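Asker: Let's have the full structure, built from the sequences with the hints guiding it.
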Amino acid sequence: MSDFDTLALYDALPAEERDALAAALKEQPALAAAFSRWRSLRAGVRAGLARDLPDRALLVLYALADDADALSDDERRQLDAARPALDAALDKHPGLVAAVRRIRDDRDAFEAAWSETVPETTRRTPLRRAETRRQPAAEDRPALRDTRLLRWPARIAAVVAVVAFAGVLTMLALRDAGWETVAGGQTVTLADGSTVDLADGARLQLSDDETRQARLLGGEALFRIVHDEAHPFELTTPNAEVTVLGTTFSVQATDVQTEVMLIQGAVSLAPRATPEKAVRLAPGQTSTVLALDAPTAPAPANLAAIDWTDAVFARGMLAAEVARQLSARFETPVALDAALGAEPVVGEFGADGLDDALAKLALALGGTVEADGPGFRITE
Amino acid sequence: MTFDPDAVERAQAGDAAARDALLSAVTTPLRAFFRSRIGAAPEVDDLVQNALVRVYRGLDALQNPARFKAFAMKAALFELQDFYRGRYSSREALFDPDLPTPGSVDPEDVPLAMDLEAALATLTEHARTILELRELGYPYVEIAETLDTTEAAVKMQVKRAFEKLRGLLAAALVAFAALGAALGS
Numbered sequence: 060m061s062d063f064d065t066l067a068l069y070d071a072l073p074a075e076e077r078d079a080l081a082a083a084l085k086e087q088p089a090l091a092a093a094f095s096r097w098r099s100l101r102a103g104v105r106a107g108l109a110r111d112l113p114d115r116a117l118l119v120l121y122a123l124a125d126d127a128d129a130l131s132d133d134e135r136r137q138l139d140a141a142r143p144a145l146d147a148a149l150d151k152h153p154g155l156v157a158a159v160r161r162i163r164d165d166r167d168a169f170e171a172a173w174s175e176t177v178p179e180t181t182r183r184t185p186l187r188r189a190e191t192r193r194q195p196a197a198e199d200r201p202a203l204r205d206t207r208l209l210r211w212p213a214r215i216a217a218v219v220a221v222v223a224f225a226g227v228l229t230m231l232a233l234r235d236a237g238w239e240t241v242a243g244g245q246t247v248t249l250a251d252g253s254t255v256d257l258a259d260g261a262r263l264q265l266s267d268d269e270t271r272q273a274r275l276l277g278g279e280a281l282f283r284i285v286h287d288e289a290h291p292f293e294l295t296t297p298n299a300e301v302t303v304l305g306t307t308f309s310v311q312a313t314d315v316q317t318e319v320m321l322i323q324g325a326v327s328l329a330p331r332a333t334p335e336k337a338v339r340l341a342p343g344q345t346s347t348v349l350a351l352d353a354p355t356a357p358a359p360a361n362l363a364a365i366d367w368t369d370a371v372f373a374r375g376m377l378a379a380e381v382a383r384q385l386s387a388r389f390e391t392p393v394a395l396d397a398a399l400g401a402e403p404v405v406g407e408f409g410a411d412g413l414d415d416a417l418a419k420l421a422l423a424l425g426g427t428v429e430a431d432g433p434g435f436r437i438t439e
Numbered sequence: 039m040t041f042d043p044d045a046v047e048r049a050q051a052g053d054a055a056a057r058d059a060l061l062s063a064v065t066t067p068l069r070a071f072f073r074s075r076i077g078a079a080p081e082v083d084d085l086v087q088n089a090l091v092r093v094y095r096g097l098d099a100l101q102n103p104a105r106f107k108a109f110a111m112k113a114a115l116f117e118l119q120d121f122y123r124g125r126y127s128s129r130e131a132l133f134d135p136d137l138p139t140p141g142s143v144d145p146e147d148v149p150l151a152m153d154l155e156a157a158l159a160t161l162t163e164h165a166r167t168i169l170e171l172r173e174l175g176y177p178y179v180e181i182a183e184t185l186d187t188t189e190a191a192v193k194m195q196v197k198r199a200f201e202k203l204r205g206l207l208a209a210a211l212v213a214f215a216a217l218g219a220a221l222g223s
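Those protein sequence lines, which keep their order, are chains V and P.
This note's numbering puts the last residue of the first sequence at 439; the count rises by one with no breaks.
This note's numbering puts the last residue of the second sequence at 223; the count rises by one with no breaks.
If you are wondering where the hints come from, they were derived from the structure by calculation, not from laboratory data.
The model shown is predicted, which means the values in this text are computed figures rather than measured ones.
Careful, some of the hints might be misleading.
What the hints assert, rightly or not - Simulated restraints, written as ranges between beta carbons of each label pair: (1) V:Pro143 <-> P:Thr187: 31 to 39 angstroms; (2) V:Arg339 <-> P:Asp153: 30 to 38 angstroms; (3) P:Asp153 <-> V:Val285: 50 to 58 angstroms; (4) V:Ala242 <-> P:Thr160: 58 to 66 angstroms; (5) P:Asp44 <-> V:Asp414: 44 to 52 angstroms.
For every residue, glycine included, the Cβ atom is placed at its ideal position computed from N, Cα and C.
Answerer: Below, the structure written as structure tokens:
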């Protein structure tokens with residue numbers, strides 16, 4: 060093989076050939092120049108892929124989307140939101156199309172591994188719908204006697220793995236000591252007066268020692284954190300961490316994704332694995348950490364999406380829209396004089412009830428709240 | 039130990055024994071899966087362990103316990119992608135796609151002196167697929183499996199792409215140097 064052939068496949072050389080190539084590069088400037096250009100081109104390919112597909116985990120979700128049971132509702136929404144960009148990336152990069160095929164092969168390999176190693180008695184009815192598509196035909200299954208023989212090495216391997224993993228579990232169990240878990244659908248007041256509204260299904264862990272720390276294990280939550288510059292509030296999710304000085308922000312977390320929307324104040328968001336990649340959000344901005352990737356660049360947030368709390372978060376929202384949302388949330392008609400409806404307003408309306416929201420809105424608009432039949436009207 | 043939703047819910051509710059049993063039971067299929075994908079490599083232990091950590095940490099957020107198998111599968115697939123991204127092993131470490139190569143300049147320091155897209159457009163779609171899969175971190179042997187061909191054929195495609203692009207890059211550099219000389223004179 061020539062030196063140039065060696066260059067072409069520099070990334071798959073055995074150790075001794077790598078050493079030889081390194082020596083040749085030092086002695087032959089023309090070879091070194093060609094090598095640099097080749098690597099530049101390869102780096103360009105890599106950069107193009109990273110630019111068009113910044114979140115690799117999305118490719119996994121995309122590959123699994125044809126299986127009705129594979130994705131959670133959150134993941135499906137996440138995928139739907141990213142689909143236009145994903146489709147464009149797949150059109151542009153044939154390697155991504157092939158990678159999707161490979162991931163589907165991986166999925167089939169997992170299904171096969173599961174079928175071969177999980178005893179039949181552990182595969183219960185509720186899982187059957189997800190498994191139907193790829194379950195082997197009965198005649199393809201190994202005979203029971205053979206299966207038992209084959210399973211012993213696997214069982215021994217499992218015991219060894221469990222012993223090895225015990226250290227990790229112990230570490231994680233110790234990590235959970237001193238934390239109280241709170242279920243969703245309620246508002247929690249912390250020792251410093253900060254509050255957390257938990258959406259249904261959310262799970263939050265609070266430190267027992269009253270330090271300003273919390274863990275959002277999953278679901279959606281709205282944090283109103285009391286300002287304390289000397290003691291920043293620290294929130295972690297399965298894959299990200301948020302450092303807070305004193306602010307109101309919304310967090311939606313799954314096992315692979317954390318999305319933060321900042322309403323007021325300041326927060327920084329970083330992957331747990333690489334805190335140095337933190338980004339700082341300004342009010343009205345959002346950022347997302349997917350799996351282990353760096354946070355997405357801060358972008359304007361759709362605060363209207365925080366529609367599971369009583370509060371309406373406005374940042375330049377027209378007063379008429381605030382009134383419409385208050386009407387819907389409190390099931391009480393709220394009207395505005397026509398001249399006021401087109402005014403943009405900033406603030407949080409409704410966290411302390413409709414009366415408080417109307418008073419704030421009227422103050423922002425320089426108007427007056429009046430009873431109006433079954434509801435209210437803000438007049439000039 | 040079963041994977042029925044009740045068992046998963048017990049684990050989610052904080053039943054330590056149920057959680058331990060769940061994790062130990064999923065260890066075997068995870069190990070079999072990773073071995074089937076990357077062979078009996080030393081990294082299999084790390085992959086299994088990190089996938090278990092993903093399962094452990096994400097279990098509380100699993101909203102539908104009946105989807106535990108899909109949940110474990112995603113943990114395995116995400117972990118495998120991290121493996122391909124080079125976050126695990128010393129395999130091919132000297133020329134790891136994410137690391138500068140010792141003894142050479144950083145790729146970012148060497149201008150291509152030509153349009154990357156134009157250069158890639160001169161390649162066949164098959165060759166471009168191979169280069170992109172490689173830059174996604176897949177080893178050549180797995181690229182061959184994915185494209186239903188042999189590792190030797192894949193490497194031959196890479197050599198041809200290199201030869202083609204080497205000529206283009208060299209010509210572009212000559213033109214670039216001539217342009218620079220003309221502008222300087």
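Asker: Now tell me if each hint is right for this structure.
Answerer: Taking the hints in turn, this is what the structure says about them:
no. : hint                                      : in the structure
1   : V:Pro143 <-> P:Thr187: 31 to 39 angstroms : 32 angstroms, holds
2   : V:Arg339 <-> P:Asp153: 30 to 38 angstroms : 36 angstroms, holds
3   : P:Asp153 <-> V:Val285: 50 to 58 angstroms : 55 angstroms, holds
4   : V:Ala242 <-> P:Thr160: 58 to 66 angstroms : 59 angstroms, holds
5   : P:Asp44 <-> V:Asp414: 44 to 52 angstroms  : 46 angstroms, holds
Every hint from the earlier list agrees with this structure, and none is contradicted.
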